[in-house]
Amino acid sequence: MWWEIWLFVAVNQYLAEVQEVQGLYGPLGITERMLQRIWKQKDFTESRLRTLEGQPIRVLRSGSWNHREGPDFLDASLEINGQPVRGDVEIHFRSRDWRRHGHQLDANFSSVALHVVVFPPTPGEAMAETSKGVLLPTCSLLEAMDCSLEEYAELEVLRNLSGRNASDFSRTFLALPLEIREARLKSFARERWGAKVAWATSRLFKATWEELCHQLFLEVLGHPRNRAVMSSIALAHPLPQWRDKLLDPDQLFASRQERWKLAGTRPQNHPRLRLRQYLGLFASRPDWALLAREFGFSLPSGGECEQTSLFRKQRLMPEKKDCLINEVLGGAIPGGSAHTWMVDGLLPLVTAESGKDLFAWWFHWFAGNAPALLGTSLRGIGVIGKPTAPLCNGWIQGALGSVTQ
17 MWWEIWLFVA
27 VNQYLAEVQE
37 VQGLYGPLGI
47 TERMLQRIWK
57 QKDFTESRLR
67 TLEGQPIRVL
77 RSGSWNHREG
87 PDFLDASLEI
97 NGQPVRGDVE
107 IHFRSRDWRR
117 HGHQLDANFS
127 SVALHVVVFP
137 PTPGEAMAET
147 SKGVLLPTCS
157 LLEAMDCSLE
167 EYAELEVLRN
177 LSGRNASDFS
187 RTFLALPLEI
197 REARLKSFAR
207 ERWGAKVAWA
217 TSRLFKATWE
227 ELCHQLFLEV
237 LGHPRNRAVM
247 SSIALAHPLP
257 QWRDKLLDPD
267 QLFASRQERW
277 KLAGTRPQNH
287 PRLRLRQYLG
297 LFASRPDWAL
307 LAREFGFSLP
317 SGGECEQTSL
327 FRKQRLMPEK
337 KDCLINEVLG
347 GAIPGGSAHT
357 WMVDGLLPLV
367 TAESGKDLFA
377 WWFHWFAGNA
387 PALLGTSLRG
397 IGVIGKPTAP
407 LCNGWIQGAL
417 GSVTQ
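The sequence shown maps to residues 17 to 421 in our numbering.
Since the hints were made in silico from the structure, they are not lab data. Heads up, the beta-carbon is just placed ideally off N, CA and C, and yes, glycines get one too. Take these hints with a grain of salt, some might be off.
[As the list claims (entries may be wrong)] Computed spacing ranges between beta-carbons, pair by pair:
no., residue 1, residue 2, range
1, T404, A214, 28 to 36 angstroms
2, F313, K261, 24 to 32 angstroms
3, E145, L295, 47 to 55 angstroms
4, S314, D266, 31 to 39 angstroms
5, N82, A214, 32 to 40 angstroms
6, P254, R275, 44 to 52 angstroms
7, N97, L262, 50 to 58 angstroms
8, G401, N342, 28 to 36 angstroms
9, S127, H253, 32 to 40 angstroms
Whole structure, please, built from the sequences with the hints as guidance.
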């Protein structure tokens, strides 16, 4: 989820239509090519994939990705409402794009069996119909995804980061005085914080505190590559099953054997190990979600204008970190994953439920599973590196926000 999002979008602009959508953290250019990749990689929860009429859809084969004229995917094998369906698949941002592109007059699209759109149609919006007059079943991809479009774009960048340097990011900020660099990054971080709290608020309407902690924690343990798969496991196996030790992590791993993305995965991030660690959390702390709530609600608000080193010292943050890792989580979860869950899950959840502004804690908290490249970039522009300015979550979030505008 890092600083080269702009490069990902720019490279694809000539390949596919680009639209600016209001994502979780603000407007972002999203390409149709990215939407096609979501379909191809099945980066969604299939159990939530349904037609607009509510009929369940199973994707037996996503189809051959077509990079030429015609439908996006050819010869897909589906099951709609229990009935086998074979044909092509076309993907758009909105239902009306079918007619806007003239597909209703194009015989090349007469074999389309499913129209996949991102956003659910608005009342009165035109639906897809082939040149033969067949009204196509339509499904909304967004409703089956486990994260927002913007989050997915960030994850795509992270998946493709390898050996790139931070020169472009650095040049942009080095042209500004240090005070302005810091102010801009803090402003971007504040925007991301507000969006995360809003996202947590919306999810609290759909689940209890404990269940939402459970879902978010498994998503964090999935890391970017396997977040969607972990989310599907969380939804299929609610928290009581883990607490009552009714699950076998090895069997859970095997149940999603075809969906895991394991190429290039470090041994310590292997999903089988992460599932074992999560089960170990319940063995050590069966009520960890309630302990986390108590821990989060105990944090005082205020202090956002202080330097990170001063805030950490005055608020006893190192001791709080040890309490989170060893007392709340029972030492079962590695520090990087614990910190990521703290900033992406617990702190936004506490603020969403209590109204207490914990932005300062979120900003100054320890960085989670961020690639070293991002820290190098921030060090290169002079924002971190001094004893009074260690790497923290807020600077990472600010850097991310700067490239999603």
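Outcome of the hint check:
no.	hint	verdict
1	T404 to A214: 28 to 36 angstroms	holds (32 angstroms)
2	F313 to K261: 24 to 32 angstroms	holds (28 angstroms)
3	E145 to L295: 47 to 55 angstroms	holds (50 angstroms)
4	S314 to D266: 31 to 39 angstroms	holds (37 angstroms)
5	N82 to A214: 32 to 40 angstroms	holds (37 angstroms)
6	P254 to R275: 44 to 52 angstroms	violated (20 angstroms)
7	N97 to L262: 50 to 58 angstroms	violated (31 angstroms)
8	G401 to N342: 28 to 36 angstroms	holds (29 angstroms)
9	S127 to H253: 32 to 40 angstroms	holds (39 angstroms)
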